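K.L.:
So you can see what is in the structure, the chains are spelled out below.
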Amino acid sequence: MTDRVRAACKALDADGPFSRKDVVYHIDPADDRGELSVRRAFQGIYDRGELVRIGRGKYRNVKDMAPVSDVRQRIYRAMHIKGAFCAADIVKLADADQSYISAVIRKLVKIGRLELTGKAGGTKVFRVRHKDRFYLEYVK
Amino acid sequence: MNKCFIPTHNYQKTEALVEELLGPAMNVDMAAVIGPAGRGKSFAMERIFTNNKNTTYVLYQEKWSHIELMREIAFRLSGERPRLRQACFDILQDEIRERRRLIIVDDGDRMSSSCLNVLRNIHDILHLPILIVGEPFLERKIMREKRLKSRTRSLLFYSPVNQADVGLFFKQTIGASLTPDQQIKILKHCEGDFRPLLTFSVKAEQIMKVSGISAVTDRIVDEICNNGRK
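In the order they appear, the protein sequences are chains A and B.
Here the first sequence stands for residues 1 to 140, numbered as in our numbering.
Here the second sequence stands for residues 1 to 230, numbered as in our numbering.
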């Protein structure tokens, strides 16, 4: 349901600010329980900061929801499952190029999703800062 | 030391099992991967999760109740952790409409009977394939209950690391070729597990670096096998 609500928000956002009701109409759930489920998923997305409230009952998307490449998706999944890792650990799991992995790590460190925890024998060790948030934003 | 992945025969069998479980539902879609610690079960699962979008991985934490397990599965599939059991089921039902996914639960041997039966409920009600991973005690837990036993499609036992795996591992990690005798000695020392093999290769590389030689000699193998004892 969360994915459907997210997709609806993206579609509605193209025409400007939208309300919670717009999302419910867009998904058109079969019964009251479905509507409750849509509202709950919408609240979850708002709580995670993917939407921003710009006025009374009006929201906009703040997250770039462009589809990521398969290799990058594998790298994100490997980072999530490892928790704390060095670039070589990700190479082993995701079969991606080490220089590309290092570039992805640098980008994620810069925006605060990963942090450097130390060096082990000349190898930098990183850690996912908020595991759940990382999972929702990059893996799911 | 070069960190690399060795697709062992155990990994290949696990990959085939995952593909089989993700195929058409047969209502007997539970399976278990069983093996002692150090055989590479968890690593194989991590790699399968990384490379297969239709899988979801849950690491069972000690003393989790069945509700906590359900919440975690709901979170992995939908991004929400509802408080109530029924809400978890509703959310899961909504989620799987779009895409059928395999739920991998690691450290399954530490799960209580009620947690195993929650997985059975998810399998029965939502028709989702479940793969439980754990140490040999898991087999006894599954066999104890006929309900679980009859729903288990296959039990995959992780066999010990073989001679070919040892040779390939040393070739790819430290670039050293081993003689068959050395492989047998190392295999005996490692007792079929991957972790001792890894520590063995680290020690061998250190000795090679210090003494300035580029090949693994019989003396190095004997010294590590005997832990420096004469």
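Each hint should be verified, as a subset may be incorrect.
As the list claims (entries may be wrong) - According to the in silico footprint, chain A covers these stretches of chain B (three or more CB under 8 Å from chain A):
| hint | segment |
| --- | --- |
| 1 | 42-54 |
| 2 | 69-80 |
| 3 | 186-196 |
Claimed, not checked - Straight-line alpha carbon distances no greater than 35 Å define the calculated DSBU-like cross-link-like pairs of lysine-lysine that follow:
| hint | chain 1 | residue 1 | chain 2 | residue 2 |
| --- | --- | --- | --- | --- |
| 4 | A | 140 | A | 10 |
| 5 | A | 124 | B | 146 |
| 6 | B | 146 | A | 92 |
| 7 | B | 146 | B | 3 |
| 8 | A | 140 | B | 53 |
Simulated from the structure, these hints should not be mistaken for laboratory data.
All values reported here derive from a predicted model rather than from experimental measurement.
Backbone N, C-alpha and C fix where the C-beta goes; we use that ideal spot for every residue, glycine too.
K.L.:
Of all the hints given earlier, name the ones this structure violates by number, lowest first.
P.N.:
3, 5, 6, 7
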